[in-house]
Structures are given as C-alpha cells and as structure tokens.
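Chains as they are written, first to last, in our numbering: chain A, 840 to 1299; chain B, 840 to 1299; chain C, 840 to 1299; chain D, 840 to 1299.
Hints are computed from structural coordinates only; laboratory data are not their basis.
The structure displayed is predicted, hence computed values, not measured ones.
A hint or two may mislead.
Since the list can't tell identical chains apart, any single copy or any two copies may satisfy a pair.
Said to hold, decoys possible - No farther apart than 27 angstroms at their CA atoms in a straight line, the calculated lysine-lysine pairs in the DSS-like style are these:
| # | residue 1 | residue 2 |
| --- | --- | --- |
| 1 | K937 | K983 |
| 2 | K1266 | K1199 |
| 3 | K937 | K884 |
| 4 | K1210 | K1028 |
| 5 | K884 | K1249 |
| 6 | K1205 | K1171 |
Number of protein chains: 4
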Amino acid sequence: MGVHDECAVFGVFGNKDAANFTYLGLHALQHRGQESSGIISTDGKEFYGHKARGLVSEIFTKQVIENLKGDAAIGHNRYSTTGASSINNVQPFAAYFKDGYIAISHNGNLINSESIRHHLIEDGAIFHTTSDTENFLHLLAKNKSDNLQESLISVLGKVRGAYSLVLMTTDSLIGIRDPYGIRPLSLGKKGDCYILSSESCAFDLIEADFVRDVMPGEILFITHNGIESRQFAYETPAPCIFEYVYFARPDSLLWGKSVYNVRKKMGAILAEESMVDSDIVIPVPDSGIPAALGFAERSDINFQMGLMRNHYVGRTFIEPSQSIRHFGVKLKLNPIRSIVDGKTVTVVDDSIVRGTTSKKIIKMLKEAGAKKVHMRISSPPFISPCFYGVDTPTRRELIASSHTVEEIRKYITADSLNFLSLDGMMKAVEKKEFCTACFTKNYPIKLESEPAYGTPLPFL
Amino acid sequence: MGVHDECAVFGVFGNKDAANFTYLGLHALQHRGQESSGIISTDGKEFYGHKARGLVSEIFTKQVIENLKGDAAIGHNRYSTTGASSINNVQPFAAYFKDGYIAISHNGNLINSESIRHHLIEDGAIFHTTSDTENFLHLLAKNKSDNLQESLISVLGKVRGAYSLVLMTTDSLIGIRDPYGIRPLSLGKKGDCYILSSESCAFDLIEADFVRDVMPGEILFITHNGIESRQFAYETPAPCIFEYVYFARPDSLLWGKSVYNVRKKMGAILAEESMVDSDIVIPVPDSGIPAALGFAERSDINFQMGLMRNHYVGRTFIEPSQSIRHFGVKLKLNPIRSIVDGKTVTVVDDSIVRGTTSKKIIKMLKEAGAKKVHMRISSPPFISPCFYGVDTPTRRELIASSHTVEEIRKYITADSLNFLSLDGMMKAVEKKEFCTACFTKNYPIKLESEPAYGTPLPFL
Amino acid sequence: MGVHDECAVFGVFGNKDAANFTYLGLHALQHRGQESSGIISTDGKEFYGHKARGLVSEIFTKQVIENLKGDAAIGHNRYSTTGASSINNVQPFAAYFKDGYIAISHNGNLINSESIRHHLIEDGAIFHTTSDTENFLHLLAKNKSDNLQESLISVLGKVRGAYSLVLMTTDSLIGIRDPYGIRPLSLGKKGDCYILSSESCAFDLIEADFVRDVMPGEILFITHNGIESRQFAYETPAPCIFEYVYFARPDSLLWGKSVYNVRKKMGAILAEESMVDSDIVIPVPDSGIPAALGFAERSDINFQMGLMRNHYVGRTFIEPSQSIRHFGVKLKLNPIRSIVDGKTVTVVDDSIVRGTTSKKIIKMLKEAGAKKVHMRISSPPFISPCFYGVDTPTRRELIASSHTVEEIRKYITADSLNFLSLDGMMKAVEKKEFCTACFTKNYPIKLESEPAYGTPLPFL
Amino acid sequence: MGVHDECAVFGVFGNKDAANFTYLGLHALQHRGQESSGIISTDGKEFYGHKARGLVSEIFTKQVIENLKGDAAIGHNRYSTTGASSINNVQPFAAYFKDGYIAISHNGNLINSESIRHHLIEDGAIFHTTSDTENFLHLLAKNKSDNLQESLISVLGKVRGAYSLVLMTTDSLIGIRDPYGIRPLSLGKKGDCYILSSESCAFDLIEADFVRDVMPGEILFITHNGIESRQFAYETPAPCIFEYVYFARPDSLLWGKSVYNVRKKMGAILAEESMVDSDIVIPVPDSGIPAALGFAERSDINFQMGLMRNHYVGRTFIEPSQSIRHFGVKLKLNPIRSIVDGKTVTVVDDSIVRGTTSKKIIKMLKEAGAKKVHMRISSPPFISPCFYGVDTPTRRELIASSHTVEEIRKYITADSLNFLSLDGMMKAVEKKEFCTACFTKNYPIKLESEPAYGTPLPFL
C-alpha cells in the first residue's frame, strides 16, 4: 500500500480469439495498472487497435473487440502517474518501419533512456510520446540489419534497465526479458497457441497452461513455425523481490513459487521474529491477508477481518468542507468495532512507504476501541526508490529512508512496530538472486545518474 | 451470491455539508445497489437534484455536489434489475404538490401497489414511473388534510408491504419504517445534525454517532425544532433475516447486533451441525468470509483464502468464441492452486440460490486439484421468493424450492453439502421475531396475489 | 430576425415508416425550433419514445429510429428559451391514464395556464414539467367521460389561448387547432396514410400530398376507420400574420397561399410605398430574400447578395478578449465589399425587433464602403409582444413600442428607414382575418393578466 | 456541388488572443473542411493543442480555448474523406525535433509523397499518420542545417506538388506557398499582429486588414523582429481556377479579385454564350447564386430563388424503407412550386461532377410543375481529377470525362444544357496563368504516376 502499481504486458499468437484472450488477460492483470489499456491485433496483413483511459472492463466493448481482427494480439495495462498523461503515452505503441508493422508493450524502465533519446533526436527522429518505450521503436527503425532477430539483439545491446517486452509483427510474437530479469514475464500455451503474460494468473482465466518463465536475457520468437529461444545476454539474475511482497496476484506462480505461499511464509517468519501477545491478528486488506494468515497461524493467535474494505472506490472523492478524520483511508477501510473493541490487536501489512496510511489505520482502530495496536510489516523497511519501473515516491518521502523503526513507530502511534528482517525475507523466498534495492540500496544495474523524466512532449 | 442487492436510503438534516454527507453515505451503502443513484437537496426554498446510472463515485462530481445546495438532502442507491430501466425510475422522486415540494427515497416493496395505482389512475392521476414508490406521492397529493403528519399517517394506513422511507420537504426530514420493520433504517447524529441511513456503516464514514434503529411502525419528524417520534402502527416486528445472512455490510450494527459477529456465529453453529474432516476451510469471498472464519475456528480446521476475488469486474464481459469453462464465475473468482491442490476442502458460502455458481466453484476447485470439496452454507435452503423488496428469482428458479439437499449436492457435484438449520440460524441471531419467509414461506404480510410487475410504462 | 422561433408539431398515422417520416418531417420543420426534439410512436399496444436536446439530424440515429416501432408517431421541435430548460419539458409528452396511453405535441401558448394548474394542484395533481402543455394531460386524466372525443371537447372548453395540437393514442391520431386558428396546422396524405404538420413543406420531403389546413376550432380524429372532423368552437379566425412575415418556410403553403409569394408581394408593396434611389437592393439573408427580390423587381433596382451568410454557426461562440465590433452579427453575416463599396444600398429585412442587429448590419455595410444605407422593412413596426406562443422580447425591449420611426432610424444609423404599412401588409396577404397583435395590439383573445411563467419546477 | 471541399490553414503571431482568433478564422473557413479541426498554440516555451472531429463551433469550448495559451497559434480544417480516418491524421501536426517544437498545417497535396516516404522509412523514420504532410516534419528533422530557414528551403527543394503551409515554432510563424501557387494563402495584419489565412474572408471576421497574397514560391518568416520574405523558387504561377468556380467564399478576395464578382461575370458570359428563352432564372443555392444573378442580369430574365435550401443537414440521414425519390438531394433542396409551376426555368449551377445531383434537381423541378428546365453551368465540363489537394472522384466517375454534352443533357433530362466555354471562363477571370487541369488535363506539375493513396497506417 502506498507504492503504486506498475504495468502489465500480454500477448497471444495463433488463435482467432487473440484479441478476446488479450482483453481477458488484461482484466486478470488489472491490478498491475488501472489508468489506461490498449490492445493491438493483426490478421497477418494489417494492424488493428484500440486504446483508452479507464478499466479494461469499461473501455473494450463487443464492437471494439470484434474490430480487433486476426489471430495475434498484444496488450498493455498502464499504472496511473500524472494527470497530464497524454493518450499518446498509452501502450501498446505501433509503428510502420522498413520491415513493416511492429507493436510493443513494455513493463519496466530504462535507465539510459535520456541519452538514447537525445542521440535519436540529433539524428532526425521525431518522438511522439514521452515514454522510454518509444526508444525501442526508433532504434529498430534505424537498425541497418534486414533480419529482425539480429536487429533486436543489436538494439537490446544499446539499452540498459528493466524491460519485459512483448512485441508483435504481422507474423510473429516476441517475448523479451532484460538480462537481469527484473520484471516478470511468463509463457503459456493453449492448444497450439502461445501466450505471454506478466503473471500466470492470466493463464487461468483463459484456461491456458503455464509453461515456464521467460528467462533473464532470453528472447522468444513465436511464429507459425513454432517457438525459438535465443539468449542475448548473461548476467546474474535479479528479479524484483517486491513482486512477491506486494505487486503480484496471490494466485500467480512467480519464479517457480506461489505468491500466496511466499507471502504466508513471510508472515510466519515475521511472527517468529516479532511475536507479540495480542487478542487478534487482523490484516490490512486485501494485500496483507496472506501474511496475516501466516502470522496468525504461526503465532496461534485468532485471525479476524477487523478492517472492512470498500471496493467501490473510484478515482477521486469529494471531501466535505467539515473535514473527516483519515478521509482518504476511511473511504476504503472501516474498522469493525465489534471485533476490535477492547482488544489488543496485531495488524499485519505488507509494507510501509510514507507511513501516513499506517498512522490513519492505527488511529481508526483506536477510535474503534482497540486497547493496543501492534503493527507488523511483512517486508523490511523500504528505504530507497525503484528505478526499474515501479512508481515509488522519492527517497525524501520514504519514511524509512530517514527514520529509525522506533521513530516510525512513534509517528504511526503504534504500540509496537516490527518489520520482517532481510534475512527473514530471503528465507521466505528461498533464493538469493533478487533485486532488493528498495530494501538495501544494492542496485543491480548501475545508475549513470537519476534519470530525468519529462523530455519535452510533442503532445499530439 | 445470486440474490441481487436491494436499495439504500439516506438522509441528512441540519448541516451545510448535507449533500456531501449524503454522497459519502451512498458510497458506504453502495453494496445495496449499484445500478443508479440520486441525491436531492434543499436550501429551505428550492429543491436541487442529480440522478444518473452508475456508481456513486462515478456520477457525482465536485460541480454536481456544489450545485446540491442547502443543509438537508436525501439520497438513494438502486439495484440493477432490467436493462430497459428508465431514468424516470431512479430515486429519490420529487414532486410539487399543494403543500410544496416533497422528495422520497424508498427501500422495500408494496404488495398492494397495483390496486392503489389502479384507483389513482381511475381518479385522474398521471403516473411517470413504474415504481410502487410513486404511489406515496400521489396519495399525499390527494390527501385533503393540510397537516403533513396527519396526511402521512393517513396515507400509511392505505399501503401494505415493506417500506423504509426517507422523505424531505423544504423544512423537514422524515424517517418511516413499516409496521413490521422489514427493511432496516437507522438514526444517527453528528453534532446538531440528524442522519437517517439504511445501515450504520454509513455513520462511520461521516463520523456520525449511531443513535438507534428507527422502530417498526415509527415515524420520525426532524425539523429545526428537533426530532419528534410517532408510532403509527403496532404489529409483531418481522425484520428481514436475510440482511444478516447476506445484504448488510459486516461492519454495520443491525437490530442491535454486529453483522460480522452474527455471520461468524452462523458459521460456528454450522460447524457444530455439520463438521467434516478436511484439510482447509475456505470462504467464497467476500460475503462468505465471516461465516468461514467462524466455521474454521469452531471446527479447528486451517482457514485459507483459497479463492482469489477480482474486484475490477464491470457490468458485462465479452466471452470469447472459444468458450471458457465457468466463464462468468472465473472473471470474479480464481482458485489458488498452491492452496487447494491435493487437499480436502470445505467451502463456506452464505446461501445457494440457483446453484449454478456453487456448481462452477466446485468444478474450478477440483480442476485446481482439490481432492474433495465439502460445501457448507451458512443459512437454510432458500425456498421461496421475497416480495418485500429483495430482487430474488422466481420460485421456479430457486433450486431448493424443488430439490432436496441431496439432489442439490449432486447437481453442484459437492462431496457433501450441508445447510445451516433454521434453529441454528435463529440461535445465531438470538431473537425470534424475524421475517424468514425465504426460508420458511411464512410471509408476515399476507399477499393478496403475487404482485404483477410491469404496469404500462408512461416511459418518458 | 431577433424574434425567436416557436415550435413544430408533426404526426403520422397508418404507415410502417411512421417514425422515420416523423423524423424527416421534424427535419423539414427544424427552422421552427432547434433546441430539442422528440418522437413517440406506437404499435397499437405500447408507446416508444426518444427525446433529446440538439438538432433532429444529431439526436436520431438509425438504432433510435428502429426502436420507434409501429405505424403511428408524433413529433415535436422546441425553440430555445432558457438555458435551465429541463429535459422534462421536451415534448411530445406521454402519459398513461384511465383510457390508456396518450401523447401530445403542442405549438402555441395557453393564457389561462396558471389558474388551471393552480386548480389541478389543489386537487391533488403532481406536475412534472413547467409547460402549459401538461395541463391538457391532467384535464384529460381527470375528465369523467369515457369517450375520448367528448373528453377532449370538454377539456378544450376549459383552456384559452393558442394551440395547434397533435395527439396520439394507441389507435388514433388527433389534430386540433384552437378556435382562432392562431398557429398553423396542415393535413397531408400519402397513400392511405394521414399526416399532420405545422407546415406543408414537410409533406414535400416525404412525398405526401397537401390536403388542406386544419380549420380553426376543428378536431380531426384519424383512426383505422378513416378521418372524422368535428367543429368544437366558432370564432372569427385570427391566424398569426407573422408566420407569413418571418416564421414559415418560403416553400410552405400557408392558409392557401405560397409564403414565398406573399413575402415577395410584401417587398413589392414596400417598394411602391417607399422607393428610394439606390444602386443596389440587398437582402438580409436568408429570411429577407423574397421581400428583397420583390422590392428590387418593383423598383427596378439591381438585386445583389451583398451580405454573405455563414450557416455553420453553432450555439455559442467564444469572444476574444480584444472585442470584435458587431461580434454576434459578424459570425453570421459578412458584407461583400466588392458589391457595396462606393454604392448607395437599400437593405431589405423582414422586421426590426430590438434594433441592435439592424444597427450592426448598417455599420458593417458602411465600414465595407457603402455610401448610403437605406433600410426597408417588409412588415410594420413590431410594437407589442406575442402571448400566443412566439418567444418575443418584453414590450420594453421592442424598440418600436417606444420609439418613432425617425428615432429608430437614428438609432440604427440608417440614411432612411421605412416599414411596410399595415394596409400594405394586409394587401399583400389578401385577407382580413388575422392576428396582427404584434403590430396593432389588437389581441383576439383577451388576456386576463400577462401570464406568469415559472411555476416552481418539480424538476426530476 | 459534388466536388468535395479541401482544407483550410490559418495562423496568428503576436496577439494574446491568438488561439481565439485562430478559432474564429477556422470558423470563417469552415466551408473548406467540415470533418475535423485543430489548433496548436505556443507561449514561447510550450505547445498547447486541441484536435477533434466535428465543426469548429462544436469542438472548441471556452475551457479549451483558454488552455491554448500564448500569443501565437495555427489551425487547420480538414475535409471529409473516408469514415475510417484516424484522429492521428487531424492537423495541425506537431513534433519535437532537434531545433525544438514545430507545428504544421497544410492545404494541398504532394505528388512525390510516396517516394519520399519510402526513402524516409528506409532511413529509419517512424510514421504516425498516412498524411503526406508528415513528410515535411521528417525531412526537417533529418536536415543537417541548424538554420531553420535554410533547412526549410532545402526541404522544399525535395517535395513536388501543391502546398500552402503555415508552420509555427515557439518563436516564429511561417507561411509558404508552393512554386506554382496552386492553393491560396493570404497575409493579413491587425495592429502589430500578422495573420495567415487560406482566404481573406477570415480577416473580416477578426477585423484584420488584408495585406496581400503570399506569392507562389515565397516563404514568409514572421518573428518578433517583423516579417521577412524569401523567394525559394520561380515557376509560372498556376493557381487553382476552381477556387473561383466553387471553393472560395464569395466574400473573399482571391488573387486580387472578388470571388463574387468573378462568379457573377462567369454567369454573365455564360448568358452571352448560351442564352435561352425562359420565364425565370433560378440558382442551385448557395454556390450557384452569384453566377445565376449574373446570368439573369445579362439575359434580362427574372431571377427567383426557386429552390429552397435546408441548412440543418447533418452528416447522415436515415432513409425510410418506403424510399423517397431523390432522397439525398431532397434533404437539402426543395423546389418552391408557386415559383416554378407552369414555367420555363433556367437553372444555373457552378459545375457538374457526376451528374446525379443535376438529374435529381431537374426531376424535382419537373415534378413541381416546371414546363421546361434549361441547365446552365458556369464552368466548362469537369473532365479530369485534381491531384493537388481537391477531393475529386476518379476520372471514371466524372460524367464529362466520357460523355458529350448532349449525352449528359440526356442523362440529366434537361431540355437544354450548356457549359461556360474555356475562353469564357478565362475572360471572366481576366488572367491567363491558372491551373485548369480539371477542365483541360493540362497539369502544371508533371505526375510521375498517379499517386497511390493508402500507405499502411501505423494507426495509433
């Protein structure tokens, strides 16, 4: 909570329901981005597309889906960033270049985007978006090779950063994960049809089988001749550990593990590390539920849904002039007095970013009668921003970057506060190779400088 | 699940934030109706209003709220019925009659609406909606008394059925609950300002205090002189027990009890009645969670969130030509394979209406690897439709009206199926006086004949 | 120019294209009202309807027309009055009353509307619009006769004012013109199908034959048994002479005469009365063209289109901060310098209401080089407002009500100004029996008092 | 009639009302394109823009205009071509390239667009529209010179065809007319502020003074330092003579002459060439009016507006199942029976393209009683399509490309038919240097091949 979502990519090759599957896949991946969505399909000759702001269920009508002809399609969900966001920035992007049509969906963030863009513009390129993703298209368009595989590998040699890509031409679907494999990308199959998806939960909805993760540094070329894999780079993998903590859906399989199980285990280890005597354990719903269940189980404390979540919350709410305490949080969460009144309560959440939400939750619980509130966080203190595609606040706004745990505890007015230890977290995920930069400042890809967002926007 | 929502009513008197509070109140009551909403306010002279289809968070903008002037307001959420529903039918209704302006919000259903309407039309009335609620306005407009209290009491003597009403004139707010008190209505207070709400959870959001339930057969007149109560009828109360089972929000206090606690207790008694050996207990989220927690606790079986709910589901989804198994349910629910695979699972849901959803859930769980699936329902078999304002299927469609428990078990392919007994349910609610007609066919208000819906619609 | 439009009524009985013909008829009558339109159709059982703000060509789609089933339909165009106009006020109105469905379209204005409404409200009626037209429905609903013809005649005995009505039940179409016949209404025929229309030009578009005018004080009942006429009142006819001057389309036949010919004759007689030496005669397009042609012909002065009209003008235009001279007029009219430069110009317009437009036109012509501008008006000075359905300014705003011709000439800065004489106008129309109240203050129907618009609006 | 409109370009530099003036200018030029419009403004730092489908009066609101900040702006109206037209193709186009922002509006058509585009794509350019106008931006972006003037002149050396361009950077406004000056472009001035407009009629509306035409092969650079002219090419001028015949507004000054006067003279010479005895002369409104007036004057035959035009016609009309004769034309034009009945009528129109409209008009006139209908066309037979920016039918569809005048007469069922001779037309325009290709097949710019429209569209 407090860290914004990122993006979802999806692609289908070889099924006449390609656009419809993509639409359902994007729906299943809606949690990764709610600001806008788009689908581009191909019938082998033309590209067809639709993009708009809003939820997947709102922007795609029967008519729209029917117009997205062909047996291949790619899609994208985008997270909400600034209000001024142009429709031009909504992915997938499509272009017509010397080899024909190409479309791209990107999850992640390049860290040398500014210098690439600068060189491209110097060389006569016209940019139509402010997105780093457009660089891929220009680099491809300028590449001299007439073999798309070679072109792609050459282009990937020039970009640095996090990218899980799904590309489409009129006769192929391509999946790419950056050399560190920072963002997820999975391969699925439904009959003869291949599917690429940010998370495996989308395969369930369309009844496809999960095949495997795309590997760090791997390109998958999917054509009517089948599937071909090439490894274009070899680095120590560093998949984002925060996907396990918060982003991914609990019903996804990520990097070989059930997200639900990993979260439960985080909660259990957290209980081992920082058990506290209390009457009940309650989660901050929905993301905190698995960890809270793990915590309650291990500590053998009664689990209750002491905070009710209202799922009808839209984009903006109009605050009354007579201001409501904890207004923003209250629209989403309401303590159930009959559960917490007179009780010592342990609240389990997945992370603390700014601390403001935790503070409001604790106040609401105390106003509802809780005698004591112990806060338990199923990840370590979040101390450093992500530069690989997660929309985090600046370091300044991250409360743990400048406050001790005790200072945070005081700020949020908890009776006690514990974070899961780094070791505990690594034990829960049972592997070593991860990007843990947000908790450790160990950035696997060196930053030249913090990227400057906001290249002038050729807006329309 | 499967029984549609009903309606929400709300009213505020004596606060310059009246329209904003009503908007927030309707948001908190969104679960009682998602099809359309409306607010009418008054500044003591004029009425101001806005009604539209959609969610509260979508249809009320800052500009709209600012235009709803004055220090009193009433609102209404409506459930989704047929697609052909006219905007004319969106409440609150307002009219100008001999005593000035009046507005009305109604939750419930009259059972002598047709004959009243017939008499009114014979007498020269022109109807503008197909709603039974319009009868109240015509009866008031035709009443000869020049005292609104007397008029109202006279009018209430003519209507039979379920009604929780919130009315507003330019200088008063009025709350009415029918003699049996079938639908809920609560009184709240925030400073000098009185609030009426279908459920108490709305008071929490606007930081008002819950005062008490409006009593069956009671009228509350709220003016600048304070609050006045009159009892207009005396019947044996028969509040709807299904509010406890499914409708009301778990964080509401209903008829003196926490809904969450009642549901948990239903689950606990269900466990006592029909415990079954299994590896895990899982709820059908969200409505089945409290009962499942009660069940798991009492049976001491491990509780898990084995079904993941997608909350982004919109109104309609476009099914692919290559049809997906259990499509409708799959959009909302996905089993978490890592939890259920290889396990004996007890699933707890609040009710079974048609049986189709349960059947799909059980199939999904088995496809995800569940060895056995035991279904436990935290209410008795639903055998008879509601005529008091709940949008239930016809008797024909209610699977329990014509099938034994064993037949239902076979239909839904459960390994075992148990419903909470009627006695068990009554024990959970700890009172005797309820309308339990949907479970018992004991209708507290005699039906003259099943009401004919669909009076010709003076549509526009 | 300057007098706003009024309304159009239309009806079709006995053709499966009824709704489509009504749509085309309303398009042909668009000049009589551009604010909003509506169509209601019937298939003998149900009513179907669509109403919206905007032009006929914008608001009716193929889908909408297809939904307007049946072989009878009525329609209405409404003129623009105030911005706050409710969609409730858009006609046709429909109601369900003791005899079944009825729909009504009304052109004209009742002068005893307030007292009727007052009595109806006292008697328990609930009003849903602020329109005087709703009175007809309530009076019908309350009438005790079970014969619609008798009911109607009884109701018409209670209302006073101007009304050309088209009514529809599920099995009949009814045309009514008030006893004075103030507003027009014509009967047409296309095969076995009867059509009622405010003006005959609509018959041309749908290839129906003009049969005759509906007579003052006549009701036409059109059913599957044919057409039946009843005379319900006998008064000296007083059709609106301003229809000839400005409202009606030049290609309509009104009261036995071609509107174009009458206007040309007005121009010719104006030339006889007030010829002036000039180089060219130019019209204020489009309404002034026929009179200008008549003037030019009779005076044997060269006719030119010296003012160019821009027909793309929408509802509102955004004025620059650096204000443009004669902004409003300039958006619609532009002088052609090459025609008027250095010339003595006679400008012919149909009427002067406030004088502001004439003043701006003359200034534009002089700025474009006209040496002298003589203004000739093809009707007498407009001195008194209309209370029979034309949206005229108040008397105060009518420049001719308080200024002599010489004073007006000075105000509009014309080098000379002449109006057609009353005798001249009567000579052009070749009949005596007309309502000429706007030119003479001789109101054929006595006003009790100037009607108060704005009964409190039970808005929705 | 029958030849579609083309485009309008407009630009303002040096006035805080720049966007508002552009909006009014586009309104005045609405006749040159009704499909879509756009404005881009600059405050010296950023670009601001708005583009949409629809009429100028519909798509620009007060809020939109206020957001178009700065003291310079350019705009564009586009004609309607295919329904599938992408919003991407709506001009002005903007881009960010090495020298900063640039925006462009284009009227005309390049004839070597395909080969330029091919080379650009080969060289790595990514196209975002199917418009030939985008070539200008890519050529500029790729040009190595760091002086915009030199860049532009170099780019203009590469393109062949018709182009009147208005470009804008953050600190300059640039007007360009191709070496042949095929499409018009005029310079205006309002105080210190310069204005560029397709036609001079737009200057009248914003009260700017007409300065002069931009010359063929001239570039005008307008900055805060004033205006600078460079001649970049010298060819025999060949302005489009069809602007005089049909496109331009009669109140515009084109190439030194009043459009109205030229049209009147065409009508007069037509009368000299092919006078015919008839009772009346009537125009096909609105475009045929000036020529008809010239014809009537010279032939001394009575002029009447025998065809009434309905200006409320929207985009599409729904035809009844019982088909109406001459449906499409009838929606726009209606004969006035009282004028034409029993008469011999001479109809004057500006041109005949397919012949279908003329045929329908003549049939309508005869159905309205005309004894004889003589058709007179104020331009020569239209025999060859335009490749310089006018949306003409293919040669195959041009009736005069394959039929003699007598054959056309028979087809349209006129009693006689005459076209203005080429000599007569040249006499009317009083100059020799024109592009008359549509009448003569003498194309001033050699076509390599007929351009292929429809490069694959990288649609979004």
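So, going through the hints one by one against the coordinates:
1. In this homomeric assembly, K937 and K983 come within 27 angstroms of each other (Cα to Cα) both inside a single copy, at 10 angstroms, and across copies, at 22 angstroms.
2. In this homomeric assembly, K1266 and K1199 never come within 27 angstroms of each other (Cα to Cα): the closest approach is 31 angstroms inside a single copy and 37 angstroms across copies.
3. Taking the shortest alpha-carbon separations for K937 and K884, only the intra-copy value of 15 angstroms comes in at or below 27 angstroms, while the best inter-copy value is 34 angstroms.
4. For the identical chains of this complex, K1210 and K1028 are inter-copy neighbours only, at 25 angstroms across copies versus 53 angstroms inside a copy, given an alpha-carbon limit of 27 angstroms.
5. Taking identical chains as interchangeable, the C-alpha atoms of K884 and K1249 are never at most 27 angstroms apart, the minima being 63 angstroms within one chain and 46 angstroms between chains.
6. For a Cα distance limit of 27 angstroms, the shortest separation of K1205 from K1171 inside one copy, 17 angstroms, qualifies, whereas the shortest one across copies, 34 angstroms, does not.
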